[in-house]
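J.: Keeping their order, the protein sequence lines are chains U and F.
As numbered in our numbering, residues 1 to 211 make up the first sequence, in order.
As numbered in our numbering, residues 1001 to 1211 make up the second sequence, in order.
Because the hints were derived from the structure by calculation, they are not lab data.
Ideal Cβ placement from N, Cα and C applies to all residues, glycine included.
Treat each hint with caution, since some may be false.
The following residues of chain U were derived to be distant from chain F, with all beta-carbon distances above 12 Å [to be verified]: (1) S38; (2) E41; (3) A88; (4) E122; (5) K197.
Restraint ranges, calculated between C-beta atoms of paired labels, are given here [claimed, not checked]: (6) Q1098(F) x D200(U): 17 to 23 Å; (7) E122(U) x Q1098(F): 23 to 29 Å; (8) P116(U) x V1079(F): 36 to 42 Å; (9) Y187(U) x Q1133(F): 25 to 31 Å.
Protein chains: 2
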Amino acid sequence: MQLAIRYPNGKTYIHNDKSSPKKQLNNQLTSFSKRGMSLEEDLNASNQYYLAKEIAVIHKKPTPVQIVKVDYPKRSAAVIKEAYFRHASTTDYNGVYQGYYLDFEAKETQNKLSFPLKNFHEHQIVHMQQCIQQQAICFVIMRFATSERLFLLEAEQLLVYWNNQQGDGRKSIPLKELEKKGYEMYYELSPRVPYLKIVDRLIIKNKDKST
Amino acid sequence: MQLAIRYPNGKTYIHNDKSSPKKQLNNQLTSFSKRGMSLEEDLNASNQYYLAKEIAVIHKKPTPVQIVKVDYPKRSAAVIKEAYFRHASTTDYNGVYQGYYLDFEAKETQNKLSFPLKNFHEHQIVHMQQCIQQQAICFVIMRFATSERLFLLEAEQLLVYWNNQQGDGRKSIPLKELEKKGYEMYYELSPRVPYLKIVDRLIIKNKDKST
């Protein structure tokens, strides 16, 4: 459910800052998919499946909120009356799979032929670098909303594109390159986004690298 | 800062349900320590130290909040006007250390001779079991506020006490047993709570077990 916010003149309020937590909230509330499911909902359902089947323990972190004022009504639950969205200092998802630490971010685009890098924020990129250094399995899941195509891209690869922004100035990852450098995933019934299949390949690949 | 909540009759409102998120918030806002630092503040500072020194990437998860109403003032940040505390479905801290997934909860007691099990909640215990199954390094950090003694106890050990509650009915872990089964930690300048020293020992112990 998304409520349209209107100015007194009746015009709908459109907020353009992609990095705003408000926008992130709207993304949670809105579903862009023809299937009626957002990437976040699909991932939450997938994580629930993995948890129920005792395959992995992966959770989405709560939205960070700065709480300013709380009311304590006598006979009911505490009500937060004033709070503000804060920027997360990490990615949204993490957890454990067969002893491996997994860490990832999930993003969608309405673009058709490239994935804009502005979907990622500096603090998330820094966090991914820190995780890679600690031998985490770190990646992003990207969805093209109109074609419903899904990719997993290792954080190492994302960092190459991120750092190249200063160089060649390209602000997005072309779909054609994602097809080569990333791993395409296909929706299933359960789990909806079978990303651990790709993680299995990454684990084998990393083992080969270290031997 | 903690605001005293008063009934109309002037009596201070004291909420006894330890499992209430409100109580958890109060714990965040109040400092019980003679040193003027809560266990949470000490752990956050320790995690910042480990992060800055590139030793580990451990974060406290944000308090989960159910957001009901958000205002979008024209020229300022979105304001959450109605929200409720939710129970976390996991422990508070997790992250990665040299490829190992760490997961833990931190609790304080005012008791002197035993640590009450009611400090832990069913959902946290379930999460710890799930993590252990995925080969996580999972533990709790316990602090006796009056003596300032600090212990790390492996989740496997905590589960023994938890499950024994039905059997012998003992609702707390005696300090004398924590001295034997847990690992005592001592405050340092930086990191304030050097818990990774104990984690190093757990890693070696687990390796010995598996060989």
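J.: Regarding P116(U) and V1079(F), is the given constraint of 36 to 42 Å on their beta-carbon distance met?
T.: 28 Å, violated
J.: Going by Cβ atoms, does E41(U) stay more than 12 Å from chain F at every point?
T.: Label holds. Min Cβ-Cβ 16 Å, cutoff 12 Å.
J.: Are all C-beta atoms of chain F more than 12 Å from that of K197(U)?
T.: Holds: least Cβ distance 17 Å, greater than 12 Å.
J.: Take the C-beta atom of Y187(U) and the C-beta atom of Q1133(F), compute their distance, and say whether it sits inside 25 to 31 Å.
T.: 27 Å, holds
J.: Taking the shortest Cβ-to-Cβ distance between S38(U) and chain F, state whether it exceeds 12 Å.
T.: 16 Å, holds
J.: Per the stated criterion, does the least C-beta distance between A88(U) and chain F lie above 12 Å, as a non-interface residue requires?
T.: At about 8 Å from chain F, A88(U) fails to clear the 12 Å cut-off, so the statement is violated.
J.: Does the claim that E122(U) lies off the interface hold, with its Cβ farther than 12 Å from every Cβ of chain F?
T.: Label holds. Min Cβ-Cβ 16 Å, cutoff 12 Å.
J.: Check the following: the C-beta atoms of Q1098(F) and D200(U) are separated by a distance inside 17 to 23 Å.
T.: Once the Cβ atoms are compared, 22 Å apart, the range 17 to 23 Å for D200(U) and Q1098(F) holds.
J.: I want to verify a distance hint. Is the separation of the beta carbons of E122(U) and Q1098(F) within 23 to 29 Å?
T.: 25 Å, holds
When each numbered hint is compared with the structure, violations occur for hints 3, 8.
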